[in-house]
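S.K.: Given the sequences, and given the hints that come with them, work out the whole structure.
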Amino acid sequence: MALVATLLTVACSELPEVQYHREGFDLAVEFDHPVCEGTLLAMEERVAIVERETDMDHDTFMTIYWLSGNLDRVCPRDVSGCFIPGTQVVASTGRSLHHEIVHAVLNTRGSNPFTEEGMAEVLSGVAAFQDVDERAHPLEALSLTSKDAREGSVDYHRAAHFMHFVRAEAGEEAMAALADAVDRGDGPGRIVSVLEQQLGRAAPEIEDAYAKAPRFYPSGRAEETPGLSLFDFTAGINVSLNCHHEATFGPISEDAGGMYHLLRIEGDAPIRGTLFFNADRGVRASLFREVDPDGEWVQDWWHPAPGLDDERIDLRGGERAFVSLDPADHWLLMVRSGDADRPKGASLRLRPAD
Amino acid sequence: MLLPVLALLTVQPDDARNEVSAALTFPLPRWGAALSYRRALARRVSVTAALHTVVPTRGFLHLPGVEERLALGVWLRRVGRGPYVAPTVGFGHNVFHKVPSLARHTLRVGAGAGWHLPLTSRLSVGAGLGGYWGARIGKRGSVCTYDYQCASSRPGGVLEARVSMGVRW
Chain A
1364 MALVATLLTV ACSELPEVQY HREGFDLAVE FDHPVCEGTL LAMEERVAIV
1414 ERETDMDHDT FMTIYWLSGN LDRVCPRDVS GCFIPGTQVV ASTGRSLHHE
1464 IVHAVLNTRG SNPFTEEGMA EVLSGVAAFQ DVDERAHPLE ALSLTSKDAR
1514 EGSVDYHRAA HFMHFVRAEA GEEAMAALAD AVDRGDGPGR IVSVLEQQLG
1564 RAAPEIEDAY AKAPRFYPSG RAEETPGLSL FDFTAGINVS LNCHHEATFG
1614 PISEDAGGMY HLLRIEGDAP IRGTLFFNAD RGVRASLFRE VDPDGEWVQD
1664 WWHPAPGLDD ERIDLRGGER AFVSLDPADH WLLMVRSGDA DRPKGASLRL
1714 RPAD
Chain B
5 MLLPVLALLT VQPDDARNEV SAALTFPLPR WGAALSYRRA LARRVSVTAA
55 LHTVVPTRGF LHLPGVEERL ALGVWLRRVG RGPYVAPTVG FGHNVFHKVP
105 SLARHTLRVG AGAGWHLPLT SRLSVGAGLG GYWGARIGKR GSVCTYDYQC
155 ASSRPGGVLE ARVSMGVRW
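Heads up: the protein sequence lines correspond to chains A and B, in order.
Going by our numbering, the first sequence opens with residue 1364, and the numbers climb by one from there.
Going by our numbering, the second sequence opens with residue 5, and the numbers climb by one from there.
Source of the hints: derived by calculation from the structure; they are not laboratory data.
For clarity, every value in this text was computed on a predicted model and none was experimentally measured.
Errors might be hidden in some of the hints.
One-sided excerpt, in silico: chain B residues whose CB lies under 10 Å from chain A [unchecked claim]: (1) 22; (2) 57; (3) 60; (4) 63; (5) 64; (6) 102; (7) 103; (8) 106; (9) 143; (10) 144; (11) 145; (12) 150; (13) 154.
Backbone N, C-alpha and C fix where the C-beta goes; we use that ideal spot for every residue, glycine too.
M.R.: What follows is the structure, encoded as C-alpha cells:
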C-alpha cells in the first residue's frame, strides 16, 4: 500500500515537501523564499484564535500547501484556495491562507456555504463593507447549496458583513453555536433556529435589525493585536527586519521574496508632527489609512497594500516627513527587499508639532 | 460461452483446496465489499487473504479506503464446509485521493465466525459475523477528522456481518 501511495504521489501530485513543522500544522511551500517567523506565528495564532472563539477542538493537525499555482493538484478546479472536508488539508496561493485555515478548524463541509464562508471571513480577520440596499433578506442566502457555491453564487462580502453583524450582536457564544451547527452539517432551517436563539429575535426581526447595522465592520485584527499611538513613537521605536524575528512577516510575494513589519496605529485624536525614519539600505516605510473614508477600500492585514491610499506617506532611510493625520486608524508598513540573512533594522521617531 | 462455464461449475472435484469469493459486507453502520482467496492448509485449517473496502460516507468519496485482511480459519468438519472460526489481522487505510501520501492507517485484529455451504462442486455460499478492533498506526495525520468519514481505517471496535459467494477448485 505504501508503495502504491508513493507511486501515485509521484505520478499525480508533484507537490512540494513539508519544510516547516509547527504547532498544529505542517507547511509545504512551492517557492524558494523563506517563510518568516511572524507569518508562521500568525498562522499558529489563527488556529488558536478560532479554536478559542468557537470552542472547536478536533485535535487539529493541518497539512498546509502554499502553492504558486495550479491548485487543481489538491483543490477542485478554478479556485484560489481550498480546504478538503473530512481532512485538515489546506491549499492556497497565499492570499486566502487564513480563510482556509479557519475552514479547517471549523471542519466545514459545504452544507451551508453562506454561513461557512461568512464565518471564515470574519474569523480570518477580514473587514466588511455593505450598503443598506445590498442587505435585503440575508437569511434567504442560507439556502445556497454547495452547488451554488461552486457556481460562484455565494457573495463573500455579504456573508462576511452578516456574520460580523451576528458576532457584534451576540458575541463569541453565537460564533460557537454556529460553529457547532456547521460541524454537524446543519441545513438552513437549523441555522436559522440557531440565529434566532442566539440573537433573541425571530427571523423577520433579525433581518430588520440587520438592515440598521453599521455599514462597516473592522477586521477584528485590532482585537488580536493591540495598536500603538503615534505618540508612542515620540520616544523612538526600533524595528528589526530579520526573517527569524517573531514580528517579521514574509515573503511579501512568492515571486520576489522580501519581508515586512506591520504596525497598527490607533488614531483616536489628530496627530501633527515630523516623522523621522532611519533605516538600513533597502528598507522603506509607508504610513497609510486602514479604511478609505469614502468606503472604497479597506486594507487586508494579511496583504497590506499602501498603494490603495492616495494620501499615504512613503519614506526611505534618512528621510523625514511632516504628518498631519485625521483621527483614523493607520498602518505603518516597513518593507525590506531580498532574503539575505544579515539583519536589517529601522527606527522611527515622531517630533510632535507644537 | 455459457456452456463451458456451466460445465466448469458442474465438474465434481474430489477435494477443492482453493476458493475465490466475493462478499457483501456490513461493517455496521456502513456497507462494503470484499474479494478473498482461501487456501486449505490442512483438512480443517485454511488461510484467507482478502481485500475489503467500505463504501465511503456521502460527501467523503475523496477519502477512499481499503483493508488487507489475513484470516486463519479453523473448520469444524473440513475446509469450505459447515461452520468455522477465524482469527484475523488486517491493515486498514484511507487516503486523500489527490495526495495519497496523506493517509490514515490502522492495525486491526479480531475474529470471525460463520458457515459455508457448497451449492455445487464449484459454487459455495457463506455467511458470517465478526468483531474487530483497530488502532491507528503512526502519528496523527491530516486526513479523517472524524472516524465515520473513513470507515476502512476506523480505530476502535467494529461489528461486521457478511454474505459471500465463491468459486472452488
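S.K.: If a hint holds in the structure, say so; if it does not, say that too.
M.R.: Status of each hint after checking the structure:
| no. | hint | result |
| --- | --- | --- |
| 1 | 22 | violated (25 Å) |
| 2 | 57 | violated (12 Å) |
| 3 | 60 | holds (9 Å) |
| 4 | 63 | holds (6 Å) |
| 5 | 64 | holds (5 Å) |
| 6 | 102 | holds (6 Å) |
| 7 | 103 | holds (5 Å) |
| 8 | 106 | holds (6 Å) |
| 9 | 143 | holds (8 Å) |
| 10 | 144 | holds (5 Å) |
| 11 | 145 | holds (7 Å) |
| 12 | 150 | holds (8 Å) |
| 13 | 154 | holds (7 Å) |
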